[in-house]
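Number of protein chains: 2
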Amino acid sequence: MKNSILKDLIQKNNSKIVLLVIDGLGGLPIKGKTELEAAKTPNLDRLASIGSCGLSEAVASGITPGSGPAHLSLFGYDPIKYLIGRGVLEALGIGLKLESTELAARGNFAQMDKKGIILDRRAGRISTERNKELCDLLQKKIPSLGDIKVFFKPVKEHRCALLLKGKDLAEGISDTDPQKEGEKIKEAIPLTKEATQTANSINKLTKKINEVLKGKIPANTILLRGIAKIPHLPSFQEKYLLHSACIATYPMYRGLARLVGMDILSTGERIKDEIKALKENFQNYDFFYIHIKKSDSFGEDGAFEKKVSIVEEVDTFIPEIEALKPDVFVVTADHSTPSLLKSHSWHPSPFLLISKNCLPDNLPCFSERACCQGSLGKFPATEAMALMLANALRLKKFGA
Amino acid sequence: MKNSILKDLIQKNNSKIVLLVIDGLGGLPIKGKTELEAAKTPNLDRLASIGSCGLSEAVASGITPGSGPAHLSLFGYDPIKYLIGRGVLEALGIGLKLESTELAARGNFAQMDKKGIILDRRAGRISTERNKELCDLLQKKIPSLGDIKVFFKPVKEHRCALLLKGKDLAEGISDTDPQKEGEKIKEAIPLTKEATQTANSINKLTKKINEVLKGKIPANTILLRGIAKIPHLPSFQEKYLLHSACIATYPMYRGLARLVGMDILSTGERIKDEIKALKENFQNYDFFYIHIKKSDSFGEDGAFEKKVSIVEEVDTFIPEIEALKPDVFVVTADHSTPSLLKSHSWHPSPFLLISKNCLPDNLPCFSERACCQGSLGKFPATEAMALMLANALRLKKFGA
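So the sequence lines, in the order shown, correspond to chains A and B.
With my numbering applied, the first sequence corresponds to residues 248 to 647, in that order.
With my numbering applied, the second sequence corresponds to residues 248 to 647, in that order.
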């Protein structure tokens with residue numbers, strides 16, 4: 248891995264790097280224009296003329312990444328080497344500090360019929376409040392399973408995290424979430440010999456959950472996925488000598504940032520609040536990761552115009568970030584989420600880097616198609632951190 | 248490594264390939280134009296319209312390569328696998344034929360104060376003549392160190408090579424060059440157990456050198472770096488079936504070419520002399536590597552206009568190279584050296600390939616930004632040789 252040479256090249260200085268991730272930014276045209284092309288983004292367009300642009304690819308051509316691998320890749324971790332269970336991300340995102348022996352799973356409250364066929368994988372997106380009530384009930388009724396302690400933790404809407412603490416818990420268990428409506432909830436299957444006992448426990452737990460939730464329509468079961476332990480990742484401090492902070496409104500992204508050792512800054516829910524958090528903490532860190540969630544959510548909903556308006560809203564805050572004079576400022580995405588597809592996609596992400604050491608590409612605007620003409624070309628997202636560090640003059644020369 | 252399939256595809260024919268390396272060619276804009284954009288290069292611009300263009304990257308995004316890895320990469324050798332000590336390059340460059348048991352180091356005559364603090368890492372760039380006098384003196388006073396024979400070899404200005412011949416000499420010794428002025432000369436530290444004895448010898452040698460050079464201000468010590476043995480690299484003949492020759496004025500590049508088995512042609516110091524050497528030897532080889540040094544030197548000095556004038560001078564000789572009718576003619580660089588940064592940089596290098604089998608890109612000129620639009624895209628420099636061989640019809644089809 249080319250990234251392995253980085254560690255010997257890192258040097259410290261006083262530079263500041265801001266990485267603004269507009270989740271799911273890249274799109275596909277509807278009526279001739281992508282969301283980013285349709286959006287009025289005078290500030291991003293101006294930056295595209297004085298910055299270096301390109302297209303970053305999270306995993307490989309044609310591969311649609313989940314949020315975990317897409318972010319890890321952008322943070323410079325090989326997303327194939329470092330596979331992070333969704334359950335781990337969910338648990339970290341709500342501030343749980345996992346031990347390396349514990350098992351976490353992402354849960355969806357869901358609705359099933361009497362035969363166990365899933366009617367709604369998200370239980371009509373029940374309110375976060377209802378979610379809390381149900382988690383409290385489950386916690387009370389199922390505090391443990393044999394000598395395994397069980398914890399039910401509400402996240403947002405239909406999402407929850409399940410935590411198992413006990414001896415000899417093993418990874419390597421298949422999801423119970425069928426990922427499709429109209430199918431039955433799946434049995435948890437051990438993928439290794441060591442996981443047999445733990446898979447049995449998961450299946451017993453599902454039965455107990457179904458008993459407790461009986462009649463609580465639309466939330467009468469929980470679908471589990473990403474049943475996993477916490478992996479060890481070298482931190483941003485170890486890997487890059489960067490004192491780093493995360494500004495994100497959604498728990499999973501905070502969890503991911505915590506996993507790579509970032510401090511999690513408190514912020515309100517609006518983009519305005521996130522920018523305020525950046526300003527208030529700007530002197531205290533070397534590196535800021537700012538995450539904008541709603542562009543992805545609206546992409547997943549197929550809400551083209553709403554995604555456009557989020558991008559336009561982000562654009563209005565660009566001058567405030569520039570006013571802080573970061574040495575390196577990157578605007579990009581973790582992956583594309585075209586409204587046309589209503590899902591994440593494999594298309595590479597537009598990438599824009601500003602520093603006084605970059606080649607200005609003189610591009611007319613910031614868009615997927617303009618970025619094709621940029622000097623950064625199409626590159627693996629795992630190399631994005633090296634580009635940022637280089638532009639911050641934080642990398643020494645390789646070899647004589 | 249994709250390059251591993253090459254060896255089975257190589258075929259011989261009578262084609263001739265010319266690789267013109269304008270060292271450090273790529274730059275960054277000052278007043279809106281890079282050095283290459285500011286230079287009047289009617290011939291290169293004409294070639295950009297009929298040739299294929301792109302951007303070649305020596306190591307990876309954001310990585311600034313030294314001259315060694317940058318050249319190896321362009322010659323098709325993985326620069327991370329084949330790490331070459333600077334001392335080895337320096338020694339080869341002045342025509343020394345190293346045995347695999349011998350150790351070589353790059354030396355800088357330098358000035359230190361009474362406490363051993365380095366005041367000038369280049370001893371005011373003493374003349375090559377003074378360098379020779381001091382090397383002669385050191386050779387006379389320190390012909391050996393125990394049973395290790397020591398050789399002091401002058402290079403240019405403040406640069407010298409140190410050779411150690413003896414039993415059980417080991418690699419894996421840190422530099423004594425602190426790389427910064429205002430710091431003390433460093434102890435050589437063994438990086439492996441086997442290197443302990445050799446590191447001790449290096450430290451004894453430094454003491455003896457300091458005794459001999461006492462009072463010879465500004466050259467009263469020698470800083471050592473890149474203490475290494477010669478690695479084994481497959482030659483151009485083995486790897487590509489190419490009978491190849493190097494035309495370069497600066498020792499290190501000749502050394503590098505010798506390492507991959509090129510014949511070193513004699514040449515005068517001027518670009519004109521190098522072109523003359525090409526003409527006189529054109530019938531005798533399949534492949535020519537021509538190295539233009541001063542573009543890099545002026546880049547490192549921050550001398551924008553002087554770098555421009557070197558590029559313009561090179562341009563005037565393009566028709567003479569074309570007149571030889573090489574089957575493949577490539578103009579590129581090993582790495583970028585923007586005058587703005589006064590150093591090598593991580594920016595990819597403009598790359599231009601002419602052959603009767605290439606796709607003409609119809610670009611308006613030869614520049615970093617024009618090359619972004621070229622059909623070769625951004626590609627690893629390690630793939631450049633395959634492009635040249637393919638255009639010379641020296642590669643068979645892969646698979647049926």
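These are calculated hints, taken from the structure and not from any lab test.
All values derive from a computational prediction rather than experimental measurement.
A hint or two may mislead.
No copy labels: a pair is met if it fits in one copy or bridges any two.
[Unchecked claim] Listed below are the simulated DSS-like cross-link pairs for lysine-lysine, each with C-alpha atoms no more than 25 Å apart in a straight line:
hint	residue 1	residue 2
1	K427	K463
2	K486	K451
3	K603	K455
4	K476	K644
5	K644	K440
6	K625	K643
7	K603	K625
8	K523	K287
9	K486	K362
10	K328	K254
11	K412	K362
These are the hints, each one checked on the structure:
1. Only within a single protomer do K427 and K463 lie at most 25 Å apart by alpha-carbon distance; the minimum there is 21 Å, versus 71 Å between protomers.
2. For the identical chains of this complex, K486 and K451 are neighbours neither inside a copy (41 Å) nor across copies (36 Å), given an alpha-carbon limit of 25 Å.
3. In this assembly of identical chains, the alpha carbons of K603 and K455 never lie at most 25 Å apart, being 60 Å within a copy and 46 Å across copies at closest.
4. For the identical chains of this complex, K476 and K644 are inter-copy neighbours only, at 21 Å across copies versus 38 Å inside a copy, given an alpha-carbon limit of 25 Å.
5. In this assembly of identical chains, K644 and K440 lie within 25 Å of each other by CA distance neither inside one copy nor across copies; the values are 48 Å within and 27 Å between.
6. Taking the shortest Cα distances, K625 and K643 sit within 25 Å of each other both inside one copy (24 Å) and across copies (23 Å).
7. Proximity of K603 to K625 under the C-alpha cut-off of 25 Å is found in both arrangements, the shortest distances being 22 Å within a copy and 22 Å between copies.
8. In this assembly of identical chains, K523 and K287 lie within 25 Å of each other by CA distance solely inside one copy; the values are 23 Å within and 49 Å between copies.
9. Neither within a single protomer nor between protomers do K486 and K362 lie at most 25 Å apart by alpha-carbon distance, with minima of 51 Å and 36 Å respectively.
10. With identical chains, the CA atoms of K328 and K254 are at most 25 Å apart both within one copy (17 Å) and between copies (16 Å).
11. Taking identical chains as interchangeable, the C-alpha atoms of K412 and K362 are never at most 25 Å apart, the minima being 31 Å within one chain and 61 Å between chains.
When held up to the earlier numbered hints, the structure conflicts with 2, 3, 5, 9, 11 and fits the remainder.
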